[in-house]
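Chain B: place on chain A using the hints.
One line per chain: the protein sequences are A and B, in this order.
Residue numbers for the first sequence follow our numbering, beginning at 1 and rising by one.
Residue numbers for the second sequence follow our numbering, beginning at 1001 and rising by one.
Careful: at least some of the hints might be erroneous.
[Said to hold, decoys possible] Facing chain A, a subset of chain B residues (Cβ under 8 Å, in silico): (1) Gly1030; (2) Ser1200; (3) His1229; (4) Leu1232; (5) Ser1271.
[Stated by the list, open to error] Sample of chain A residues facing chain B (criterion: CB under 8 Å; computed from the structure): (6) Ile383; (7) Lys550; (8) Asp551; (9) Val552; (10) Leu553; (11) Gly559; (12) Gln571.
Please keep in mind that the hints were generated in silico from the structure rather than gathered at the bench.
Glycine included, C-beta positions come from ideal geometry on N, C-alpha and C.
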Amino acid sequence: MDQKHIRNFSIIAHIDHGKSTIADRLIEITGTMQKRDMEAQVLDNMELERERGITIKAQTVRLNYKSRDGEMYQLNLIDTPGHVDFNYEVSRSLAACEGALLVVDAAQGVEAQTLANVYLALDHDLTILPVINKIDLPSADPDRVKKEIEDGIGLDASDAILTSAKTGEGIDEILEKIVEEIPAPEGDENSPLQALIFDSYFDPYKGAVARIRLMSGKIEKGDRLKMMATGKIFEVTELGCFSPNLMPLDELSTGEVGYVCGSLKDVRDIRVGDTITSEKNPASEPLPGYRGVTSMVYCGLYPVDSADYDNLKEALEKLQLNDAALKFEPETSAALGFGFRCGFLGLLHMDVIQERLEREYNLKLITTAPSVIYRVNKTDGEILMIDNPAKLPKTTEIASIAEPYVKATVIVPKDYVGSVMEVSQDKRGEYQSMDYLDTNRVMITYQIPLSEIIYDYFDRLKSTTRGYASLDYELSDYREADLVKLDILLNGDVVDALSSIVHKDRAVPRGRQLALKLKRIIPQQMFDIPVQAAVGGRIIAREDVKARRKDVLAKCYGGDVSRKKKLLEKQKEGKKRMKAVGSVDLPQEAFMAILSDD
Amino acid sequence: MFGRYTSAICREIELREIPSEKIRSIYFGGGTPSILPIEMIEKIFNSIPNKKSSPEITIEANPGTVDKKYLRDLRRIGFNRISFGVQSFNDRILKSIGRIHTSRDALDSIDSARLAGFKNINIDLIYALPNQTIEDLQNDLDIIAALDIQHVSIYGLQIEEGTRFSQMKLDLPSDEITESMYDLIVSELPRLGFHRYEISNYAKDGFESRQNLGYWSDIPYIGFGSAAHSYLNDDRIENFSNVEEYIDAIESGKIFYRAEDPNRNRNDLISEFCFLGLRKTSGIDRSQFKNKFGDPIEKYFQREIDRLISKNLLEVDEKSIRLTPLGMKFGNLAFEEFLL
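The following block holds chain A by itself, in its conformation from the complex (with noise of 0.2 Å):
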């Protein structure tokens, strides 16, 4: 195909307003896929990304168009992740484009996680169409909307599509768009190859797959490719186009997406952002804007049943296969034996990956709560990186503390805009600065520390705006704080994997809450539990878990064995996520308590 009829674009939107249903109905109208082979949102695949509504992956679709114009046209849509755990993975799909989709839900508005990725997009000089969707909802005011992406982003929305992908309305005319406002790509056919990597996954059968799109050159079968971050030679045994199964093809050539696979078996030779370009004519520079995969979270993942380490070890082994972002490596708790730190781009992630164990590999794990990474400064003068708050140095070992923080950018009604503030100041928040969006929405950024984003911020936020708020955030810097680590004592003995790093004006009172947290959450044993929390080694809090008395059915004859039995089942059910730290069965709950204030 030439240059001059391939058109390259992603979906931006918020979720729930309707982006994979709109790319259902592009792929349906276009032809590519038959109906009844479409199952509804044909690009979110596992089953996960369908049960959230979410993209996890970045998918992509080659469509074949032919225009008013009577013109045949390659249409390629590569749909985003649409989360903010995934915003370089969103960075490099739209790297990948010259033209994006701005979808608007007609009753729901402008989000921040919308704006964020309009703003990505803006960044890579994407030509913008705004299309409004839903308007078929009673509720739907898409004149408000327009003026919302007017005000607020500062885009022209008097030309935005209408349309409802519910019943089909506008999506031609979405095509149409498409074909006259999206530039054709640009780049030179003979000059070396630049093909930039969106996104890689692993195939059983034909093993690590890059997906990606070539800036200038072409790839043909056999040739001899190289990976200029990595230095990883392969040579190409299968290219081709996304159907959005895989379509084999001879050849892909400047301007065009789709995939390359070789003599490659990990992704991790395949990271999202490198450039490929040909071993014996090399492209001088790669393309702009790689880097490397940051954890932002840290967790620790242990099997409930220590038998299943092994299981647990090869299950992460095969995530980390289709996931080049999810790190993890072997890690010992005193409370918890063996297991592993896992560190995550942020707690969707985190949380995906945790149920995919759980799910696919039928593991029962048991997950510490989530921490971020800690720059200390000892006194020694070493800098330690520290992702574990079990591992926190001595107090007088430490000279300084520092924690990464966001710029948090939220977006809620104006009559919300205290809550907002309360909230974001009691969470150790820096006001930076507030915008409206229209007559009613403003736009209000906060320099905060990740660790309350991971704490509570953002339920608190939900609560309190009553589900109005949307949130974003992006790495900003590390800064110096008054941080100590709180420790939880079970009956006498520190429970390393309860441990957390707190700022030292919330230690006493996390402390307490802590204590009561748990006291509430640990089922009752045969003899009674200390509970205490201790800051530098001084407890400052004690709550007692009373032992239970006794525990036994006390009548069983002929008529109630089945009966009786199904009540031992239901009690042990209950006691099928619990860890024994030394004498005392932990619930998963209890590793988790120490993530918010109820």
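Chain B only, in chain A's frame:
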């Protein structure tokens, strides 16, 4: 109604396939069979094949509902054991749990039974009842000491969801007091000559209930009548619990029972075998387990057994696997480990 029901039971006894072996025990109970006129009791009893081979033939009765003549007739028919649902010897407590009999009725019934020739008498007692104190329980135990009875079944009150009790606001003893009551029973009854042979069952030497032990020792049983349960060929079934439905089904020759658990499998069998066996102070008989399931019990539960031993809930030797006294108190913790 009684007549139709009695006939239905007799008909069921004819219909069911009863193995021709000696019968280990016969039990008329579950509810209050003694409300039936004596002729009907006799009719049912006589319809049991091979009945005279059984060394233990029990009937349940409520205190105050049976007179001397009725008791003598029971003896004449062949009953040699009687079980009274006494619950408590405290009239205030009996009233608060809605019982119509008094402690006087209970004492009279026990005495009449003895005079009628019953040499094997059980009473059912409950503790941790609303408004009950340790002293009230001690008083019950003092009365037992003075009675000529051979067997005591005693249960802590457990209020199950969905029952009448669960809706009421009751002044129940605290967990601490309930525990003291349990400790008192466990130490006191053996002192009075009743040794504990199961979590809630105590008997004088030689008077352990063969019927009860059967339930916990994997002995098959056949239950007749509405809502009766059977355990035969490793299957557990339950007769229709609605009396009308039961009678109609029997009279019209239709199916009158259902499986207790339609999804039952071999693992359930193993689990039941274990948690029932552990109820006995003699525990699970290793050779019985191996004979039935083909492998030593450790093949299924090595880790569980080790864990329970380390918690001092279980003890083992070459013959059996038993709960310790602490294990008896926290039986559920041990039972659930044996669920597969």
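Here's how the hints hold up against the structure:
1. With a cut of 8 Å, the hint placing glycine 1030 of chain B at the interface with chain A holds, because the nearest CB-to-CB distance is about 7 Å.
2. The interface hint given for serine 1200 of chain B is met, as the beta carbon of that residue sits about 5 Å from the closest beta carbon of chain A, less than 8 Å.
3. With a cut of 8 Å, the hint placing histidine 1229 of chain B at the interface with chain A holds, because the nearest CB-to-CB distance is about 4 Å.
4. A least Cβ separation of about 11 Å between leucine 1232 of chain B and chain A goes past the 8 Å threshold, and the interface hint is therefore violated.
5. This hint holds: serine 1271 of chain B has a C-beta 7 Å from the nearest C-beta of chain A, less than the 8 Å allowed.
6. About 44 Å separates the beta-carbon of isoleucine 383 of chain A from the nearest beta-carbon of chain B, more than 8 Å, and the hint is not met.
7. A hinted interface residue such as lysine 550 of chain A counts as satisfied when its beta carbon comes closer than 8 Å to some beta carbon of chain B; here the least separation is about 5 Å, so the hint holds.
8. The interface hint given for aspartate 551 of chain A holds, since its Cβ lies 5 Å from the closest Cβ of chain B, which is under the 8 Å cut-off.
9. Among the interface hints, the one on valine 552 of chain A holds; its C-beta lies about 4 Å from the nearest C-beta in chain B, closer than the 8 Å criterion.
10. With a cut of 8 Å, the hint placing leucine 553 of chain A at the interface with chain B holds, because the nearest CB-to-CB distance is about 6 Å.
11. Nearest Cβ of chain B to the Cβ of glycine 559 of chain A: about 4 Å, under the 8 Å cut. The hint holds.
12. Of the supplied interface hints, the one on glutamine 571 of chain A holds, with its beta-carbon coming within about 6 Å of a beta-carbon of chain B, less than 8 Å.
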